[in-house]
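> If you read the protein sequences in the order shown, they are chains A and B.
The first sequence maps to residues 266 to 460 in our numbering.
The second sequence maps to residues -17 to 312 in our numbering.
Among the hints, a few may not be true.
[Claimed, not checked] Below, computed lysine to aspartate or glutamate pairings styled on DMTMM-like, alpha-carbon distance capped at 20 Å:
| no. | chain 1 | residue 1 | chain 2 | residue 2 |
| --- | --- | --- | --- | --- |
| 1 | B | K(-6) | A | E416 |
| 2 | B | K216 | A | E416 |
| 3 | A | K281 | B | E51 |
| 4 | B | K216 | A | D315 |
| 5 | A | K426 | B | E(-15) |
| 6 | B | K37 | A | E323 |
| 7 | A | K327 | A | D310 |
[What the hints assert, rightly or not] Residues from chain B shown here face chain A by an in silico Cβ test under 10 Å; the list is partial:
| no. | residue |
| --- | --- |
| 8 | Q(-7) |
| 9 | K(-6) |
| 10 | E33 |
| 11 | L50 |
| 12 | V300 |
Worth flagging that the hints you see were computed from the coordinates, not collected in a lab.
Backbone N, C-alpha and C define an ideal beta-carbon position, used for all residues, glycine too.
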Amino acid sequence: MSKTIPTEKELLNRLKNGDRKAFRILFDQFYKYLVVTVFNITGDDHLARDLAQDVFFEIWKKRETIQITSSLKSYLRRAVVNRSLNAIKAKRLDYNAPEKLPEKPHSYENAQEILEAQDLENLIHQTIDSLPEKCRMVFVLCRIEGFSHKEVSGKLGISPKTIENQMTKALKILRNVVQPHISKGLFWLFIPLFF
Amino acid sequence: MKEELYIKLLQKELSGGLNPSEKKSLDEWLKQSIDNQLIAESIRKAWQLSEGYSKDIYIDLDAEFLQLESRIDEPEAVTVKMKPARNWLKIAAAIIVLIVSVFGISRFLQEDIHWVTQNTSENQVVELTLADGSKISLNQNSTFTYPENFNTQERRVKLSGEAFFEVFHNPNAPFIVEGRNGETTVLGTSFNVRNYALEARTIVTVRDGKVRFSPNGSTQHVDLTAKEKAVFDKERGTLIKSKDERLVAIKWHSKVFDFEDTPLEQALDELGKAYNIEFEILDEKLKSCPLTGNYERKELNVIFQYLEISYGMKFIEVAPKKYKVEGGNC
Chain A
266 MSKTIPTEKE LLNRLKNGDR KAFRILFDQF YKYLVVTVFN ITGDDHLARD
316 LAQDVFFEIW KKRETIQITS SLKSYLRRAV VNRSLNAIKA KRLDYNAPEK
366 LPEKPHSYEN AQEILEAQDL ENLIHQTIDS LPEKCRMVFV LCRIEGFSHK
416 EVSGKLGISP KTIENQMTKA LKILRNVVQP HISKGLFWLF IPLFF
Chain B
-17 MKEELYIKLL QKELSGGLNP SEKKSLDEWL KQSIDNQLIA ESIRKAWQLS
33 EGYSKDIYID LDAEFLQLES RIDEPEAVTV KMKPARNWLK IAAAIIVLIV
83 SVFGISRFLQ EDIHWVTQNT SENQVVELTL ADGSKISLNQ NSTFTYPENF
133 NTQERRVKLS GEAFFEVFHN PNAPFIVEGR NGETTVLGTS FNVRNYALEA
183 RTIVTVRDGK VRFSPNGSTQ HVDLTAKEKA VFDKERGTLI KSKDERLVAI
233 KWHSKVFDFE DTPLEQALDE LGKAYNIEFE ILDEKLKSCP LTGNYERKEL
283 NVIFQYLEIS YGMKFIEVAP KKYKVEGGNC
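Just chain A, with the same shape it has in the complex (with noise of 0.2 Å):
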């Protein structure tokens, strides 16, 4: 017997009409998918779990009157994400205010480190995890949730200036990372690219 998958319209409809089984299944699909996004630009699984629920209470809350246009997905997503960044503001951070850098970097001097950490993809993940709060911050919003520059500014209350700033050493930081990798011969096959 084969079981039909209902679409998200028959699932939104179910829930309009409070049925606990449809906001399960949106439950199931989405949750993790919002914890994680809020876990990746604050760094804190707590208030994730905290902003994740808060979303699917509202939606529960106003089942009756929502009005979804967009792709569900991508309303929970802009939910949470403002929620997120909300919980930053609200935080009061000084962006401008000194940093301590990550307790030992990632530079991997020697031969041997250098083959033991072939993935430098997972290098270059670790070390985001490791960059100072406020830098760690900015990058994710930037480079892997896709916001403009102009649109952290406006969010955060923080000026462009210091999201450049924030960015760059993001940058410098992850440079240090990678470049002892590719200095190791590989390079030189890149040089006719830049002639």
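Take the given structure of chain A and dock chain B to it, following the hints.
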């Protein structure tokens, strides 16, 4: 310093904000040396490789949906709007606090209380027994400060983060948990306090007994009894008391089971003790089937599901807190 300037330009190029004159000076710098090109290539590579960045997190969908449902099903919730204390009251309160702290310090000096601090890291839960016999489970990322010995008038401890308390009954010395946003006072009971630094809400949940929660900077308080919780939101200034029939907030505290080739009979015995239920295994051979697995902070019915899938048995509730285990094999 010069290098920094070009890294800035490279950043602009990648973010899409490089103007023509900047582009020109960047191109010139690149032509100057192989080293410069190496820097540029490293930065482009870093930019490219960062694209797929995402954190990973373990989510227990069942438990977290339950938590959401408990919030949805809060018909009896009462909202207490926080009124700021009147000015003269504040002054009076400040004076009292001053007197109390001078008094407290002198008493502190007299009795020479020795404070102990316990921290927990990510995914770490620590169980403590205090001098009065009270038991505390400290959840992850939390800090708990307590005296090595209590004085006679009160039992005061400090918490940042989350902990479950089973307080030894002593009507003569109230047990006070000083939290980030308020105090929780009890005589003898079990309850949970959650107040992480990064969360606006403090949640106090009571399993049994009576608990009073008083938010900081207010003259109001709520009294809670079994299966009730108070949620204080310091940003919105609201204090909400509601029912929590299933005690979802305390679920994290339920036992963690780690079985390795444990005979099923013994495993069910352990589970039964923790959840206060009894099992009767009908099939003799099933009793010695080895069970391996980690059941961390799971709902009982979820554990049943896992076992039913693994061994093909059925859990049948024959009486309250009594289960018959039918069929199944290794």
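> All hints are to be evaluated individually against the structure, with a verdict given for each.
Going through the hints against the structure:
1. K(-6)(B) to E416(A): 16 Å, holds
2. K216(B) to E416(A): Violated - the C-alpha atoms of E416(A) and K216(B) are around 28 Å apart, more than 20 Å.
3. K281(A) to E51(B): The given pair, whose Cα atoms are some 16 Å apart, holds under the 20 Å limit.
4. K216(B) to D315(A): 15 Å, holds
5. K426(A) to E(-15)(B): Satisfied, since the Cα-Cα distance of roughly 18 Å is no more than 20 Å.
6. K37(B) to E323(A): 25 Å, violated
7. K327(A) to D310(A): 26 Å, violated
8. Q(-7): 5 Å, holds
9. K(-6): 7 Å, holds
10. E33: 7 Å, holds
11. L50: 5 Å, holds
12. V300: 29 Å, violated
In summary, the structure is inconsistent with hints 2, 6, 7, 12 from the numbered list given earlier, while agreeing with the others.
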